[in-house]
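J.: Here is how the chains run, residue by residue.
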Amino acid sequence: MPSRLTGQRGLGDSEIDVSDDGGLQDANAGVDKPPLLEARNIQKHFGRVVALRDGNFALRPNEVHAVVGDNGAGKSTLIKIISGVTHADEGELRINGGPVTITTPREARELGIETVYQDLALADHLDASANLFLGREELLGPPLSWFGFLDKKAMRLRTEEAMRRLKIGIQSVDQPVLSLSGGQRQAVAVARAIAWGRRIVIMDEPTAALGVRESSMVLELIKEVRSQGIAVIMVSHNLPEVFAVADRITVLRLGRTIVTLNTAETTLESVVGMMTGAVAAVA
Amino acid sequence: MAKLEPPTTTDVVAAEDLPTSEETRRQRAFDLLWRSWLFFFLLALIAYFWLTTPPHTFLAGDNFKLIALNTSEVILLAIAETFIIVTAGIDLSIGGILLFAGVCGAKTMLSLSGTHDQVAMGLYPHATRAIAAGVIVCIAAGTMWGLVNGLLITLLRLPPFIVTLGTLGVTFGLSDLISGGTNFFAPVPPSFTNNVGNGKILGLFVPIWVAVVILVIAHVVFHHTRFGRYTAAVGSNEEAARRTGIAVNRHIVEVYTLGGFLAGIAAILDLAIYTNISSASHQTDNLNAIGAVVIGGTSLFGGVGTVLGSAVGAFIPTVTQNGLIIENVQPFWQEVLVGATIIFAVYLDQVRRRRTNR
Numbered sequence: 001m002p003s004r005l006t007g008q009r010g011l012g013d014s015e016i017d018v019s020d021d022g023g024l025q026d027a028n029a030g031v032d033k034p035p036l037l038e039a040r041n042i043q044k045h046f047g048r049v050v051a052l053r054d055g056n057f058a059l060r061p062n063e064v065h066a067v068v069g070d071n072g073a074g075k076s077t078l079i080k081i082i083s084g085v086t087h088a089d090e091g092e093l094r095i096n097g098g099p100v101t102i103t104t105p106r107e108a109r110e111l112g113i114e115t116v117y118q119d120l121a122l123a124d125h126l127d128a129s130a131n132l133f134l135g136r137e138e139l140l141g142p143p144l145s146w147f148g149f150l151d152k153k154a155m156r157l158r159t160e161e162a163m164r165r166l167k168i169g170i171q172s173v174d175q176p177v178l179s180l181s182g183g184q185r186q187a188v189a190v191a192r193a194i195a196w197g198r199r200i201v202i203m204d205e206p207t208a209a210l211g212v213r214e215s216s217m218v219l220e221l222i223k224e225v226r227s228q229g230i231a232v233i234m235v236s237h238n239l240p241e242v243f244a245v246a247d248r249i250t251v252l253r254l255g256r257t258i259v260t261l262n263t264a265e266t267t268l269e270s271v272v273g274m275m276t277g278a279v280a281a282v283a
Numbered sequence: 001m002a003k004l005e006p007p008t009t010t011d012v013v014a015a016e017d018l019p020t021s022e023e024t025r026r027q028r029a030f031d032l033l034w035r036s037w038l039f040f041f042l043l044a045l046i047a048y049f050w051l052t053t054p055p056h057t058f059l060a061g062d063n064f065k066l067i068a069l070n071t072s073e074v075i076l077l078a079i080a081e082t083f084i085i086v087t088a089g090i091d092l093s094i095g096g097i098l099l100f101a102g103v104c105g106a107k108t109m110l111s112l113s114g115t116h117d118q119v120a121m122g123l124y125p126h127a128t129r130a131i132a133a134g135v136i137v138c139i140a141a142g143t144m145w146g147l148v149n150g151l152l153i154t155l156l157r158l159p160p161f162i163v164t165l166g167t168l169g170v171t172f173g174l175s176d177l178i179s180g181g182t183n184f185f186a187p188v189p190p191s192f193t194n195n196v197g198n199g200k201i202l203g204l205f206v207p208i209w210v211a212v213v214i215l216v217i218a219h220v221v222f223h224h225t226r227f228g229r230y231t232a233a234v235g236s237n238e239e240a241a242r243r244t245g246i247a248v249n250r251h252i253v254e255v256y257t258l259g260g261f262l263a264g265i266a267a268i269l270d271l272a273i274y275t276n277i278s279s280a281s282h283q284t285d286n287l288n289a290i291g292a293v294v295i296g297g298t299s300l301f302g303g304v305g306t307v308l309g310s311a312v313g314a315f316i317p318t319v320t321q322n323g324l325i326i327e328n329v330q331p332f333w334q335e336v337l338v339g340a341t342i343i344f345a346v347y348l349d350q351v352r353r354r355r356t357n358r
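Order-wise, the sequence lines are chains A and B.
Residue numbering for the first sequence follows our numbering, beginning at 1 and increasing consecutively.
Residue numbering for the second sequence follows our numbering, beginning at 1 and increasing consecutively.
FYI, nobody ran anything at the bench for these hints, they're computed from the structure.
Label pairs and their calculated CB-CB ranges:
{"no.": "1", "chain 1": "A", "residue 1": "P142", "chain 2": "B", "residue 2": "A60", "range": "45 to 51 Å"}
{"no.": "2", "chain 1": "B", "residue 1": "L151", "chain 2": "A", "residue 2": "G141", "range": "32 to 38 Å"}
{"no.": "3", "chain 1": "B", "residue 1": "A60", "chain 2": "A", "residue 2": "D174", "range": "40 to 46 Å"}
{"no.": "4", "chain 1": "B", "residue 1": "G169", "chain 2": "A", "residue 2": "G98", "range": "55 to 61 Å"}
Sample of chain B residues with no beta-carbon within 12 Å of chain A, all distances over it, derived:
{"no.": "5", "residue": "F49"}
{"no.": "6", "residue": "G61"}
{"no.": "7", "residue": "N63"}
{"no.": "8", "residue": "F64"}
{"no.": "9", "residue": "M144"}
{"no.": "10", "residue": "V170"}
{"no.": "11", "residue": "G181"}
{"no.": "12", "residue": "N249"}
We put the CB at the ideal spot given by N, CA and C, even for glycine.
All chains should be modelled from the sequences, with the hints used to inform the complete structure.
T.: Structure (C-alpha cells):
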C-alpha cells in the first residue's frame, strides 16, 4: 500500500530535509506558544496499583526532554501512554494545543510520534534496510506492486541516505542487524524512528544495554536528532547522560510529575534529591 | 560529573568496530561452506549408492527421473514447511492434510467418474469432469486444513506444535474413516495418471514441472516480496513485527493456509503418480518435509531460511529410499537416517547461532 506513505513524511520525500526549515522550528520554539506535546493530569491504574496519579508534561519543539525517576515512579507508563502502547484512564493529550487520542502505536505514528523501545524492536535476522522499512515497505511499480514486489534498491539507497544524515557509519545496510554491535543496532532503531517520526522521537533507556563508548555515540545521535528539528523524549536512569544531552528534565516520583527543570539551572545532586524525595521540588 | 568522551570519528556512530570487508568475506565464505555441508552429504549419499549398487541401476537416467518424480511431492511439502518454520512455527499435520485432501479428491474422482460397477470394471465414462472436480476438492480440502491450523494457532493462542499435532491425528482419522483405512476399490481415472502422473513435457514428468514452477515462484515470493519479508520478520521478532504495524496474526494464518494449499497440490500429484492413496504411505511425510527444511539450512528457530535449500534437502529421503530399495535393504532404514539427520542438522544450526549471537 504505497498510499499509506502519502501524507506521512516518508523517507527521502522532499519534506524530509528538516534542516532546511530550521528557522521555522526556531520560531515555534518560543515558550509562549502552545507546547508541541502536552500531557495533562494523566492517570493510569493497573488493577489496584496506581502507576500514574498525576502526569503533567509539556514538550517544546526541538528540545531533548529527559524523563527521570526512581523505579516504579511512572516513567514507563507515561511514555507508553504517549506512544500508544497503553492508554490513560484519565487526563488528556494535546499536540500543538489540539486534543488528540492515541490508543495504538499506529495512531501515535500517524501523529508523527515514533518510539525507540528499550529492546529496540528490531527483526534481528533482517538487514538494516529491511528493519528501517518494516511494515512500510517500498514496492516496485505496477504491475509488480500488485504482487508485493519489494523495491529493495530504493529502500537500500534511502537507508544509506538516512544513515548518512544521522552520521551513522554503518558498513553495509544489507547485513543482518544481528551481526551489528550494540551501538549500531541502537543507531538502526533510532534511524528508523527519525526516518518516520515527523515530530517526536521517544527513546526508552537508549543506553541501558550499551558500553561507555557506544553510549556516548548514542548521546551524540540524540543531539543529531535534535539538530534535525525533531523533539526527543528520553527516559533514562543515567543522570550524567541526562545532563549531557537534555535541555529540560521532568522528575517523576511516586506516580507524580513533581517538577520540570532547565538542565542548565540545576545540578545532578538536586535532581537525585527530588527523585528520592530528600529534596522538596521547587518548580 | 563524568565528562563524556566525544567520539573520535566524524560519524556519530562509527563503523570501525565492524569487521573489515576482508573479514566479512571470509565469514561469508565460511558460512557458505558451513551451509553447503548438505550438498556434500547428498553427493556422498549418491556416491555411496553408486558404489554399492549393481552398475546401471542407481545411476541410470531412468532411475534419476524416478527419484525426481518421487521428490516432487516432498519438495512441495518442504516449501510449505519452509514458510511455516521461518515464522518460528511448525506444521506436523502436513502429511495428514495431504492424505485428507488426496482421499477426498480420490473419492470425488471415483464417485463422479461413473457408477460403482462401471468404475470397478475399469470404465470411467465421466472421467474428465470427475478429474476436474477431484483436483478442485484436493486444493480446497488442503487449503481448508491449513486455514484451520492458522486460525487455531492465532485465535486460541496455542503453540503450533500442539495445534498441528492435534490436526495430524484428526486428518489421519478422518481420512481413514472416509477411505476405510485402505486403498480405494479402484484407481483414479487412467487418463489422469497418463496425462499427469506419467505425462511428460519436454522429456520431464509433469509432477517435476509442477514442483519446479512452484519452487521458482516460492523462491521469488520468499526473497523478493513483502509476503516473504513479513514471514521472516514474524519469525525473527514477532513483537517487533507487531509494533511496526504488521498484521502478525493475519500473516500467520496466511502462511499456514499456504501450507495447506501446497499440501493439496501435493495430494493431486500423489494421486496422479501412485493412482491410489491410503494412510500407510503418508505416516512419515512430516518427517521428510521438516527434515528437508532443516537439513536445507532453514533455522527451526525462525527468521532465516531458504526455499532452494529445502528443495535440495528434499532429495535426502527420496535418494536414500531409492538406493536402499535397489540394494534390497529394508527401506525403513530411510526413516532412521532422516530422523538422525534432522537431529544433526538442528544441532549444527544451534552451534552456528551460538557463534553469531554474541
